[in-house]
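Chain residues, written in single-letter form:
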Amino acid sequence: MKLERFYGILIPILSIILGIAVGAIVMIAGGYDAGEGFYQLYYGIFGEPYSIGETLRATAPLIFAGLAVAFAFRTGLFNIGVEGQVLVGWMVAVWIGISFDLPTAIHLPLALIGAGLAGALWAAVPGVLKAVFHVHEVITSIMMNYIALYLTNDILRRYIGITNERTETVKESASLASTFLSELTDFSRLHNGIFVAVLAAAVFWFILWKTTLGYELRAVGFNKSAAEYAGMSVKRNIVLSFVISGVFAGLAGAMEGLGTFQNMTLNASFTGVGFDGIAVALLGANNPIGVVLAALLFAGLNIGGLSMQQVGIPPELIKIIIAFIIIFVASGYAIRLVIDRFTTKKDMAKTSKGAGK
Amino acid sequence: MKKKSLLALAATGFAMSSVLAACGGDEKESNGGSGGEKDSFKVGMVTDTGGVDDKSFNQSAWEGLTKFGKENDLKEGTGYKYLQSAKQSDYQPNLQQLARAKYDLILGIGFLMAEDINKVATQFKDNNFAIVDMVVEQPNVASIVFKEQEGSFLVGVVAGLTTKTDKVGFVGGVNSDLIKKFESGFKAGVKAVNPEAEVLVQYAEDFNAAEKGQAIASGMYGKKADIIYHAAGGTGVGVFTEAKNRKKNGEEVWVIGVDRDQVEEGMPENVTLTSMVKRVDIAVEKVAKDTKDGKFPGGKIVEFGLQDGGVDIAPSKDNISEDILTKVDEYKKKMMDGEIKVPATDDEYKAYEASL
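Residue numbers (the numbering used here), protein chains in the order written: chain A, 1 to 357; chain B, 358 to 713.
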């Protein structure tokens with residue numbers, strides 16, 4: 001039964017393979033050349049320095065969004081409100097970025113902290129509602145997404161100022177842009193945010209596994225009643241978990257606001273970063289390294305998917321592949337059953353053979 | 358038994374992967390091949406997040422490009438093609454993709470892509486770019502803009518002659534230079550034929566807020582305006598909704614559509630009086646053709662007005678009387694002859710009003 005230990009890795013990998021296989025079937029069914037499609041996908045991710053840069057650029061916000069979902073999940077909470085927290089974080093980051101004149105050493109951290117706090121504040125609402133009134137966090141956090149979407153648009157228009165549906169560009173002192181990284185990757189929009197994101201994954205690990213707070217949070221996640229019995233405040237931990245999750249989500253917004261776009265546009269619909277974060281956390285098994293790897297994969301698929309249009313394959317196909325990967329991960333239990341059946345039979349066969357001798 | 362089936366599975370796997378590899382190899386070669394033929398013209402466009410079937414801008418642009426491609430015996434996918442953007446962050450990778458594939462002309466559809474075009478055009482100085490509805494100042498970018506004021510003037514003439522209450526309305530999306538062109542042209546058209554008429558003007562400050570459009574329309578119709586011209590994208594949907602509701606209750610109200618023939622939006626109550634059409638397809642086709650003929654208007658602003666069919670009054674005219682249509686043609690001729698200069702800004706409109 002040594003396989004047990006590898007399930008954590010095996011199931012995501014199998015799911016990815018199966019997801020891609022379904023993608024191939026869909027391509028063939030749609031009359032496209034799957035071989036060409038996958039070649040373009042591969043080329044679109046690794047083919048040129050530019051595409052590698054863009055993939056890494058798209059990875060940064062996904063890491064943050066994935067960490068946000070995973071963090072709450074470790075306390076047994078579903079933060080479906082990452083999308084809204086991303087938006088408020090994005091807005092505050094841009095607002096700080098355009099309205100102050102400060103040296104980089106102060107301005108950039110200030111903008112990042114502002115984004116994190118905004119996300120935290122937004123996430124605190126479902127957290128408190130859950131802790132105090134036992135309102136289900138899935139419902140409240142989803143609804144907070146809509147409030148965030150329309151409120152940010154309104155604040156952008158009313159107070160921050162919009163020309164041609166976008167704000168001004170953030171000042172250089174608050175920007176995450178890096179000429180070095182950009183030139184290294186043939187003028188992609190890769191920015192320093194990727195380092196911040198990886199650092200955040202380390203912080204995620206540190207909080208959860210190296211601090212008393214993290215121990216408590218995880219204890220609440222494992223068993224609320226037991227945690228309470230052991231003298232931990234479940235309410236406090238629920239709110240804290242949401243708040244910290246919100247910080248990660250707000251920073252995902254800062255990646256877009258201070259990195260990718262350097263401004264904020266009026267959003268007619270959700271950015272999708274927060275929802276992709278759920279998928280990233282799921283595939284990454286709520287583990288910081290897993291989240292980073294899953295974010296890389298999804299960013300790669302999204303960017304590489306654009307190249308599939310070169311051979312006429314609609315980029316929506318990538319969404320089908322991602323959806324199937326998620327379905328397979330979510331049904332990991334079924335995969336586990338299948339593996340179990342095969343291995344136990346083999347084991348039994350072995351032992352019976354052994355016994356025969 | 359078990360081992361055999363496992364082996365078979367592995368074998369199939371190998372076969373599959375070698376097939377994939379083979380395909381990959383072929384693709385690479387064919388890619389290299391098509392890049393080698395220097396004389397074949399390649400033109401591509403990048404849609405904004407609306408997609409190529411948005412029944413508006415992107416679709417119109419693609420229709421123009423398709424027409425151009427067919428006329429020049431280009432193949433879809435290699436000679437002319439579009440790339441779809443799912444998110445705003447996809448604009449740049451998509452533009453880059455076409456630039457790297459050495460497309461001779463790369464079109465960005467919609468002003469939201471302005472910054473991205475600006476950046477990619479600076480990096481790829483040998484490629485030609487074009488942007489619709491915005492001016493990007495780069496030597497290798499052609500800026501395609503329209504004289505919306507001229508088309509708006511024509512529908513203004515229709516409104517001025519059709520109104521029974523001598524009151525008409527204008528609903529703008531966002532108060533900007535672009536939408537001011539619609540407003541100024543419309544007001545000028547109304548006043549030209551009906552100096553008594555009053556034009557109510559309101560901006561929704563949003564292109565995607567149907568509920569705001571409906572509220573504004575309700576206010577205007579309430580103040581006895583009987584025709585509303587909207588230049589407000591998705592917000593205009595609300596104007597149609599309000600007009601249809603009122604028409605159901607027996608009120609005689611009309612909407613004038615924008616960008617394309619919006620007669621369907623007014624059905625089944627039939628509230629679309631006419632529409633101001635903006636022919637993105639004609640503009641795209643023209644710029645593609647010029648580029649192919651070696652006359653790429655780089656660094657220039659290419660304006661499309663009545664003269665070249667860039668703007669016009671919609672073809673469906675069932676709700677307009679013959680007399681009014683004759684008037685419209687009269688004014689069309691005057692504009693083309695340069696007898697009337699249609700105002701495009703607030704200042705120009707003031708001067709125009711004073712001259713009446």
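What the hints contain is simulated information worked out from the structure, not anything from laboratory work. Model, not experiment: these values are computed from the prediction. Please note that a few of the clues may not be correct.
[Claimed, not checked] Straight-line Cα separation of at most 25 Å, DMTMM-like style, residue types lysine to aspartate or glutamate; simulated pairs:
no. : chain 1 : residue 1 : chain 2 : residue 2
1   : B       : Lys412    : A       : Glu165
2   : B       : Lys569    : A       : Glu48
3   : B       : Lys476    : A       : Asp154
4   : B       : Lys569    : A       : Glu165
5   : B       : Lys444    : A       : Asp340
6   : B       : Lys707    : B       : Asp675
7   : B       : Lys399    : A       : Asp186
8   : B       : Lys643    : A       : Asp154
9   : A       : Lys319    : B       : Glu608
10  : B       : Lys444    : A       : Asp101
11  : B       : Lys476    : A       : Glu172
Check the structure against each numbered hint from earlier and tell me which ones fail, lowest number first.
As far as the earlier hints go, 2, 3, 5, 6, 8, 9 and 10 are violated by this structure, in ascending order.
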